[in-house]
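Protein chains in written order, with UniProt numbering: chain U, 1 to 409; chain L, 1 to 135; chain H, 1 to 161.
Keep in mind that the hints are not guaranteed to be accurate.
[Said to hold, decoys possible] Subject to a maximum C-alpha distance of 25 Å in a straight line, what follows is the list of computed SDA-like cross-link-like pairs (lysine to any residue):
hint: 1; chain 1: U; residue 1: Lys214; chain 2: L; residue 2: Ala43
hint: 2; chain 1: U; residue 1: Lys406; chain 2: H; residue 2: Pro100
hint: 3; chain 1: U; residue 1: Lys406; chain 2: H; residue 2: Val154
hint: 4; chain 1: U; residue 1: Lys406; chain 2: U; residue 2: Leu337
hint: 5; chain 1: U; residue 1: Lys406; chain 2: H; residue 2: Gly40
hint: 6; chain 1: U; residue 1: Lys214; chain 2: U; residue 2: Leu51
hint: 7; chain 1: U; residue 1: Lys341; chain 2: H; residue 2: Thr93
hint: 8; chain 1: U; residue 1: Lys406; chain 2: U; residue 2: Val332
hint: 9; chain 1: U; residue 1: Lys406; chain 2: H; residue 2: Ala156
hint: 10; chain 1: U; residue 1: Lys214; chain 2: L; residue 2: Arg48
hint: 11; chain 1: U; residue 1: Lys341; chain 2: U; residue 2: Val403
hint: 12; chain 1: U; residue 1: Lys341; chain 2: H; residue 2: Ser89
hint: 13; chain 1: U; residue 1: Lys406; chain 2: H; residue 2: Ala38
hint: 14; chain 1: U; residue 1: Lys214; chain 2: L; residue 2: Ala72
hint: 15; chain 1: U; residue 1: Lys214; chain 2: L; residue 2: His119
The set of hints was computed from the structure by calculation and includes no laboratory data.
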Amino acid sequence: MKRVLAFTLGFLTAIGGFLDVGDLVANSLVGARFGMSLAWVLPVGVVGAALFTEMSARVSAISGRATFDLVRERMGARAGLANLLASYTITLLTLAAEIGGVALALEIATSVHYLLWVPVVLVLVWIVLWRLPFQAMEQTYGLLGLALVAFGVALWQLGPDWGALLGGALHPAPPPGEDWPTWWYYAIAVFGAAMTPYTVLFFSSSGVEEGWTKKDLGQARTNVFIGFPLGGLLALAVMACAAVVFMPAAIQVEHLSQVALPVAAGLGRIGLAVVIVGLFAATFGAALEAALAAGYSVSQYFGWAWGKARAPASAPRFHSAVLLTLLLGTAVILTSLDPIKVTEYSIVLSAAALPLTYLPILIVANDRDYLGEHVNSRVTNALATGYLVLVLVVSVATLPLMVYTKAGQ
Amino acid sequence: MPDPDTTVEVLRLGFAALDRQIYDSDDRPVGKVDDIELAWGEADTAPRVSAVLTDTAALGPRLSGRLGRAWAAFLRRAGAGGGPVRIPIGSVVEFRPATRLSMRAPARVWAAEDWLREHVIGRIPGAGRADDPGQ
Amino acid sequence: MFAKSAAGPSARLAVGLAAGLAVAAAAAGCVPGPALTAEGYHRHVEQSATALLSAVRTGTLAARLAEEGRAFGPALDTAVSGAEDDARSVADTFASRQPPTPGEDAVRDRLTGLADNAGDGLGDLRIALRRGDDATARQAAGDLADTAQSLEAVLAAEARR
Numbered sequence: 001m002k003r004v005l006a007f008t009l010g011f012l013t014a015i016g017g018f019l020d021v022g023d024l025v026a027n028s029l030v031g032a033r034f035g036m037s038l039a040w041v042l043p044v045g046v047v048g049a050a051l052f053t054e055m056s057a058r059v060s061a062i063s064g065r066a067t068f069d070l071v072r073e074r075m076g077a078r079a080g081l082a083n084l085l086a087s088y089t090i091t092l093l094t095l096a097a098e099i100g101g102v103a104l105a106l107e108i109a110t111s112v113h114y115l116l117w118v119p120v121v122l123v124l125v126w127i128v129l130w131r132l133p134f135q136a137m138e139q140t141y142g143l144l145g146l147a148l149v150a151f152g153v154a155l156w157q158l159g160p161d162w163g164a165l166l167g168g169a170l171h172p173a174p175p176p177g178e179d180w181p182t183w184w185y186y187a188i189a190v191f192g193a194a195m196t197p198y199t200v201l202f203f204s205s206s207g208v209e210e211g212w213t214k215k216d217l218g219q220a221r222t223n224v225f226i227g228f229p230l231g232g233l234l235a236l237a238v239m240a241c242a243a244v245v246f247m248p249a250a251i252q253v254e255h256l257s258q259v260a261l262p263v264a265a266g267l268g269r270i271g272l273a274v275v276i277v278g279l280f281a282a283t284f285g286a287a288l289e290a291a292l293a294a295g296y297s298v299s300q301y302f303g304w305a306w307g308k309a310r311a312p313a314s315a316p317r318f319h320s321a322v323l324l325t326l327l328l329g330t331a332v333i334l335t336s337l338d339p340i341k342v343t344e345y346s347i348v349l350s351a352a353a354l355p356l357t358y359l360p361i362l363i364v365a366n367d368r369d370y371l372g373e374h375v376n377s378r379v380t381n382a383l384a385t386g387y388l389v390l391v392l393v394v395s396v397a398t399l400p401l402m403v404y405t406k407a408g409q
Numbered sequence: 001m002p003d004p005d006t007t008v009e010v011l012r013l014g015f016a017a018l019d020r021q022i023y024d025s026d027d028r029p030v031g032k033v034d035d036i037e038l039a040w041g042e043a044d045t046a047p048r049v050s051a052v053l054t055d056t057a058a059l060g061p062r063l064s065g066r067l068g069r070a071w072a073a074f075l076r077r078a079g080a081g082g083g084p085v086r087i088p089i090g091s092v093v094e095f096r097p098a099t100r101l102s103m104r105a106p107a108r109v110w111a112a113e114d115w116l117r118e119h120v121i122g123r124i125p126g127a128g129r130a131d132d133p134g135q
Numbered sequence: 001m002f003a004k005s006a007a008g009p010s011a012r013l014a015v016g017l018a019a020g021l022a023v024a025a026a027a028a029g030c031v032p033g034p035a036l037t038a039e040g041y042h043r044h045v046e047q048s049a050t051a052l053l054s055a056v057r058t059g060t061l062a063a064r065l066a067e068e069g070r071a072f073g074p075a076l077d078t079a080v081s082g083a084e085d086d087a088r089s090v091a092d093t094f095a096s097r098q099p100p101t102p103g104e105d106a107v108r109d110r111l112t113g114l115a116d117n118a119g120d121g122l123g124d125l126r127i128a129l130r131r132g133d134d135a136t137a138r139q140a141a142g143d144l145a146d147t148a149q150s151l152e153a154v155l156a157a158e159a160r161r
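The following block holds chain U by itself, in its conformation from the complex (with noise of 0.2 Å):
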């Protein structure tokens, strides 16, 4: 059980990574709209993922530091608050659309308007990050999340044509009907929810919460090279399960409520509850991580004492920018604004606001102040360089992309 336990936060941020409402969406809406033809994003998502939480993994670890403290120290005042202020925007965006999440799934088992529970939600979050100690939250989310393993069972019972899957998968392009800028238009929101900065920035801060020492590193890889997998495939399946059910039928993802539905199809009331149970947690671990994660790269800048661990009365200042925080994305949602086109949006500014969150680790890992012999091999940082291409280019596309396809219409 110890040993299962130890894989939970890997988890727990790969829900963040790849299966937080931006990507539940995200990979629905186009597996029914694409099929399976972008399906290649995912492991590239994974790669990069992957490849940058275990360096700034192994910055707190061996530094015992998180990497956005050690941003400002490299970047400077300047550069440093600017990345502060884009990484806070964005976080502070996916924040709103996580709680707007968690509402949804609430409205889809009990038919309660959505709104209604938002302020439920906003109270149920920070009485978790105050009272739920680190451990027992990320056990708690990490292992509830599992649940949406059932989008991997209920499409081996869909008994779809897994040949045609594959092959679609296979081919890299748009389908019948549609174009190539939207094609890419989406490929782009697909990267996007999967390489979100508030992941690693929780990965790594987490690191520093739970102690690690050079001793941890081990299982600090196990986590991410076991956990983003697993997320990615559960994303995969998610894709599967809309290309199967959605696309014969052209039926446009929308809706969260829309993305459980191929769960029922292939499994069942049973299957169905286990997927909301799956969707809360999933939505809900991933609102804790983005509240988390807005708090400590505040007073990470700032320089003020933060964790969760700690007595709150010992970091007010970091408890404070939490608590700010959520009020402030509870508000963007109480807006009334539709939180599917809040997630939309906050996974397309964030993968134009990459370069910003990778840039700054690929630097940090390189350091020998910081990390001695543990700084990157050559091999990560030719890996990692084109990366760090691919996401420049991915930044410089989004937004012509975006105004071109009017947001992917």
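Since the structure of chain U is provided, determine the placement of chains L and H on it from the hints.
Quick look at chains L and H alone, frame taken from chain U:
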């Protein structure tokens, strides 16, 4: 006793000192090195580093441009007067990897932290409870 | 390797990027501009019919799951209500758009009627599912299937143009 010349460590302020995390003698995170003060007295033959400055107010001039002015104006309005907190250079024990002090940080550094603890965070039940380290 | 003096431009770039993204997001969020040409109007017909078909098929899928006992009330209710809202909002937007020439009146009338059928059919289905009225739900699902077929015919006709 090593030769004195080999023990001289050359530091580039911008690289080794500026924007580093400060911990005081109690190991509490004080803030970042937001600026560095030079003094050139009548008796000095050359300028010398006299203090490190911390506190978010010290950051304003560093940011320069419109952003920096907005920052300073915001802090003025928020009532964070009195200028940045000075920490005399004599109480800095080391700069790298983090700035460590031989003394407890001046009380003024904790103004915002204390206010929030007293008026917001500390008033919520359970504020004094940390995670059980044995977990 | 990362000089602090280089920080200025990158910070400005980030601020500019953020502002640009905000403007782009606002622009992209707007509905397509007024259809001044027949071409633009037909694109609007196609988009509306696609959205309606998606909503209607979500309804028939939910009805099938309900009939087979594969899902429980609240989840189906939420899915059908969402589809109904979508259908009604598409219907409103479509009805408010004026066809540029009388030549488009026929397709406008046809799709307006189908949009109303879609909204009403989904409404009937929602009420029947809430009441647990299987016979009415089956009836509504049948109507929705007919509407879906007509919508597919409209889309096929648009594609042939």
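Now the hints, each set against the structure:
For the hint linking U/Lys214 to L/Ala43, the alpha-carbon distance of about 49 Å lies beyond 25 Å, and the restraint is violated. At roughly 22 Å between alpha-carbon atoms, U/Lys406 and H/Pro100 fall within 25 Å of each other, so this suggested pair holds. A C-alpha spacing of about 24 Å is found between U/Lys406 and H/Val154, which places the hinted pair at or below 25 Å, so the restraint holds. Restraint check: the Cα-Cα separation between U/Lys406 and U/Leu337 comes to about 18 Å, which is no more than 25 Å; the hinted pair holds.
A distance of roughly 15 Å separates the Cα atoms of U/Lys406 and H/Gly40; the hinted pair therefore holds under the 25 Å criterion. With a C-alpha separation of about 18 Å, the suggested pair U/Lys214 and U/Leu51 falls inside the 25 Å cut-off, and the hint holds. At most 25 Å may separate the alpha-carbon atoms for a hinted pair to count; U/Lys341 and H/Thr93 meet this at roughly 18 Å. At roughly 23 Å between alpha-carbon atoms, U/Lys406 and U/Val332 fall within 25 Å of each other, so this suggested pair holds.
For the given pair, U/Lys406 sits about 24 Å from H/Ala156 by alpha-carbon distance, which is consistent with the 25 Å threshold. With a C-alpha separation of about 39 Å, the suggested pair U/Lys214 and L/Arg48 falls outside the 25 Å cut-off, and the hint is violated. With a C-alpha separation of about 16 Å, the suggested pair U/Lys341 and U/Val403 falls inside the 25 Å cut-off, and the hint holds. Note on U/Lys341 and H/Ser89: the hinted pairing holds, with a Cα-Cα distance of about 16 Å set against a maximum of 25 Å.
The hinted pair formed by U/Lys406 and H/Ala38 meets the criterion: a straight-line CA distance of about 20 Å does not exceed 25 Å. A C-alpha spacing of about 41 Å is found between U/Lys214 and L/Ala72, which places the hinted pair above 25 Å, so the restraint is violated. Straight-line distance between C-alpha atoms of U/Lys214 and L/His119 comes to about 40 Å, which puts the hinted pair past the 25 Å bound.
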